[in-house]
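This is what each chain is made of:
Protein chains: 2
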Amino acid sequence: MPPGSAVDLSPEELRRYAHEVSDWIADFIAGVESYPVLPDLKPGELSRGLSLAGPEHGDSMDEILADFREIIVPGCTQWNHPGFHAYFSNTGSGPGILAEALTAALNVNGMVWRTGPAVTEVELRACDWLRQWLALPEDFVGHIEDTASVSTLSALAAARHRGTEGRVRSEGLGALPPLRVYCSEEAHSSVQRAVVLLGMGLDHCRTIEVDRDFRMNPEALEEAIREDRRRGRLPIAVVATAGTTSTTSVDPIPAIADLCEREGLWLHVDAAYGGPMAIVPEYRWVLEGADRADSLVVNPHKWLFVPMDCSVLFCRHMNILREALSLVPPYLMTPEDDVARNLMDYGPALGRRFRGLKLWFVLRWYGLERLQNLLRKHVALAATFADWIDDAEDWERVAPTPMSTVLFRHRPAGLKDESVLREHNEGILTRVNAAGSSFTSHTEVRRGDRTIYALRMAVGNARTELRHLESFWKTLRESVC
Amino acid sequence: MPPGSAVDLSPEELRRYAHEVSDWIADFIAGVESYPVLPDLKPGELSRGLSLAGPEHGDSMDEILADFREIIVPGCTQWNHPGFHAYFSNTGSGPGILAEALTAALNVNGMVWRTGPAVTEVELRACDWLRQWLALPEDFVGHIEDTASVSTLSALAAARHRGTEGRVRSEGLGALPPLRVYCSEEAHSSVQRAVVLLGMGLDHCRTIEVDRDFRMNPEALEEAIREDRRRGRLPIAVVATAGTTSTTSVDPIPAIADLCEREGLWLHVDAAYGGPMAIVPEYRWVLEGADRADSLVVNPHKWLFVPMDCSVLFCRHMNILREALSLVPPYLMTPEDDVARNLMDYGPALGRRFRGLKLWFVLRWYGLERLQNLLRKHVALAATFADWIDDAEDWERVAPTPMSTVLFRHRPAGLKDESVLREHNEGILTRVNAAGSSFTSHTEVRRGDRTIYALRMAVGNARTELRHLESFWKTLRESVC
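These protein sequence lines map, in sequence, to chains A and B. Count along the first sequence from 1, add 9, and you get the number used in our numbering. Count along the second sequence from 1, add 9, and you get the number used in our numbering.
With the rest of the complex left out, here is chain A (with noise of 0.2 Å):
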């Protein structure tokens, strides 16, 4: 038996290896630089590692600090790099680690008001911090789910709930003309995702076309609509993108909102990622329009500096997301129900981490202003490389550069094949990623007929300087071969 308690850590214990924690944590951060962001290793490598069965008597503290630094460490992908440039870069920020440390001691459950009303009132508070720095109006109540998936999963829970005037509760879909549900081609997969989860059918999950800048087209939504209405098919929700994930594109959201309160559909806005933008005014055109949508969501885990996970679901409708998913059985009857927000009544899970400490410490720390010039550095910092792009020969940029995320791809003079190309910058993805300074991603975009293959370079991580990008350029070039 390793020392201690038997039942737990000793306080003593617990003290002296949260303090070993506190070094490595602080030595990890000041040194991540050392670190690949993206471990060489091959599916199962790493598992060769780890014991097949876990022990019968445990292991000491020592031990498994040990093998945390030696094998978990070096097998994870180091998403706290400032070389991090794939999907949407992020940060989990000194004040966000800490507060994860003390939700975590607390282990306070804020599934109803009474288990933690802490978990419900700082919530509540500092989402309402970030409606007001994103100048949406006070009708929005915020709280938090884990990832946009969910908070989308659950507003669109709640379009079908008022779609169907509630009837979807009791009867289910099996007694309803099919629902449809309107995003662009470049939404991101969750809304898909979340309309097969709900039943309603892929099919039924329609896809609207984009302009050439990837902007949902809304002519073509408003004919959708009308021809599905046609058909008997009941339209009940829009989703409209402010930073799609493909190539950041943002919808046009005020004549997506006309058109959704002309036909009465539930507009949820997916800012998932561009959102944050809004704090910064010269930027508040992203959510142009958004504050005419029924619900909205914001991840602080994306672009705001908050460790996963955390994302906020923005919503006018309280009342019908809680009617859409809310069951309260006796035993979680509690006597404030009737003057407390109960946040299990809100979203899939019932059980709720702490999670708003993290928010709430990270926006208090930070402040407005600070945020405001990080972002506008992100911006700067991936207009910089779109220039560096631009002026390359045989680079190009395959989209517009409105937020912090850059598509590009190498096409030497004379590449016309589609497919030719993709090889060949698939093998500069693979060169630069293997290089370990930095980390970056692809995607596809539409281009006429054409299917374009595009390296995609997202700056997000609060650590991420000039120099970054100009050692992630030089890899690039030399990268091509």
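Just so you know, the hints here were simulated from the structure itself, not pulled from any lab data. Each hint should be verified, as a subset may be incorrect.
Since the list can't tell identical chains apart, any single copy or any two copies may satisfy a pair.
Only pairs whose alpha carbons sit at most 20 Å apart, straight line, appear in this in silico EDC-like list of lysine to aspartate or glutamate [to be verified]:
| no. | residue 1 | residue 2 |
| --- | --- | --- |
| 1 | K51 | E345 |
| 2 | K386 | E291 |
| 3 | K51 | D346 |
| 4 | K51 | E435 |
| 5 | K425 | D49 |
| 6 | K386 | E65 |
| 7 | K51 | E79 |
| 8 | K386 | E479 |
| 9 | K51 | D347 |
| 10 | K51 | E427 |
| 11 | K51 | E228 |
| 12 | K386 | E272 |
| 13 | K386 | D212 |
| 14 | K425 | E453 |
| 15 | K425 | D403 |
Keep in mind the model is a prediction, meaning the values are calculated, not measured.
Guided by the hints, dock chain B onto chain A, whose structure is given.
Using the frame of chain A, we list chain B on its own:
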């Protein structure tokens, strides 16, 4: 502006505050009994101490941590307090706290294997350790969701997919006969919530009667299925429970498994609370027959000392789960897709926090034997408390005590009216919880045609000792008036 770097806490600041937080955590855990378990607060009271708007220039960590100590902590219900007996009592153990701090620092997102090889492989391995300890067959593959609600939602999505031969995914439920899901009257509300979310409709979640010990009646289940088939409805799944939330009853899983096999129905076992008991040889009966299930959920954040949130969904048909839930846009395709498991494919969320780390830390540090002994101790403590109730005049148990949760009430001689008894026991509950040294909750159980209000005492915190129950019992008796 607070001191320090503009982009994050500096490494020196992070080190200093991490040490400060470490001391706070060690002191908190050592002194947790000095807090009232349930804070003396009214809804909205705590919020008055929170600024109405976020700070323009950021606050210092000193200010933030001071507010944390002075406003947040006193506003938390103390789930880590050994006098917490409400709902299901749990533990944010030391090894789990350390792992959560490290998880936040790494901030790795394991949506696909490549974005976090260690996230994927440690999660799968730790879940497999648990599978072995639960004596489940090798083809049960475990992964982590946030809560049992989401695990059950995912399992029923897979059941719905199989039950409709995949048609639901593309066509939705509109073109299909009404699908039916079965669970007992005592099943957790998450089953009904999942049926609502999945679009099947609450009317089609058929609750089956229970015996006097609150276990599903398999004959009634068989009859319900037969009747539904006669009426053209399509039975797809049965949810059996090993440890119901209200009374901790265990459904007769072997008989239900027989029926599911005969009828071709998906059997999902909700062992969120009760499952861990099966790591103790003499309690293995709680999962008898569960080796024949299609899926099973166990929550290590309930009775396995892992901090919130950690729910393990075991599934024998990972391909069906993936077909039911997965959507992979081009930008999420990776070179390893054919050889590695991408955990984003098996639940509603795309982004995935490194939850496997805390499970691995906790299982390793405790080891099997120590966990077995803790569970034995908790079951014995509950049995002792049950004996006190049984032996006391004017107190009665209102359900069997197969696990670590006791249902009971005060029934003064001559008092028979259920509404008077309810009011009498509600008063006791209010006074017990106001005393501060413990927190317990209530439930309702059916006895014949009566609904009985019951107090409900759960043992599950690693630090709960006999003296806590003695104190609770004393407070209970003093609260009768």
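A quick look at each hint next to the structure:
1. Taking identical chains as interchangeable, the C-alpha atoms of K51 and E345 lie at most 20 Å apart only when they sit on different chains, with a minimum of 8 Å there against 53 Å within one chain.
2. For a Cα distance limit of 20 Å, the shortest separation of K386 from E291 inside one copy, 13 Å, qualifies, whereas the shortest one across copies, 61 Å, does not.
3. Within a single copy, K51 and D346 get their C-alpha atoms only as close as 51 Å, which misses the 20 Å cut-off; across copies the closest is 12 Å, which meets it.
4. In this homomeric assembly, K51 and E435 come within 20 Å of each other (Cα to Cα) only inside a single copy, at 18 Å, whereas the closest approach across copies is 59 Å.
5. In this assembly of identical chains, K425 and D49 lie within 20 Å of each other by CA distance neither inside one copy nor across copies; the values are 33 Å within and 71 Å between.
6. For a Cα distance limit of 20 Å, the shortest separation of K386 from E65 across copies, 18 Å, qualifies, whereas the shortest one inside one copy, 52 Å, does not.
7. Taking the shortest Cα distances, K51 and E79 sit within 20 Å of each other inside one copy (17 Å), while across copies they are farther apart (48 Å).
8. Taking identical chains as interchangeable, the C-alpha atoms of K386 and E479 lie at most 20 Å apart only when both belong to the same chain, with a minimum of 15 Å there against 60 Å between chains.
9. For the homomeric pair K51 and D347, the shortest alpha-carbon distance between copies (12 Å) is at most 20 Å, but the shortest distance inside one copy (54 Å) is not.
10. When the C-alpha separation of K51 and E427 is checked against a cutoff of 20 Å, the pair qualifies neither within a copy, at 29 Å, nor between copies, at 64 Å.
11. Neither within a single protomer nor between protomers do K51 and E228 lie at most 20 Å apart by alpha-carbon distance, with minima of 48 Å and 51 Å respectively.
12. Proximity of K386 to E272 under the C-alpha cut-off of 20 Å is found in neither arrangement, the shortest distances being 40 Å within a copy and 61 Å between copies.
13. Taking the shortest alpha-carbon separations for K386 and D212, neither the intra-copy value of 42 Å nor the inter-copy value of 54 Å comes in at or below 20 Å.
14. In this homomeric assembly, K425 and E453 come within 20 Å of each other (Cα to Cα) only inside a single copy, at 16 Å, whereas the closest approach across copies is 72 Å.
15. Only within a single protomer do K425 and D403 lie at most 20 Å apart by alpha-carbon distance; the minimum there is 12 Å, versus 88 Å between protomers.
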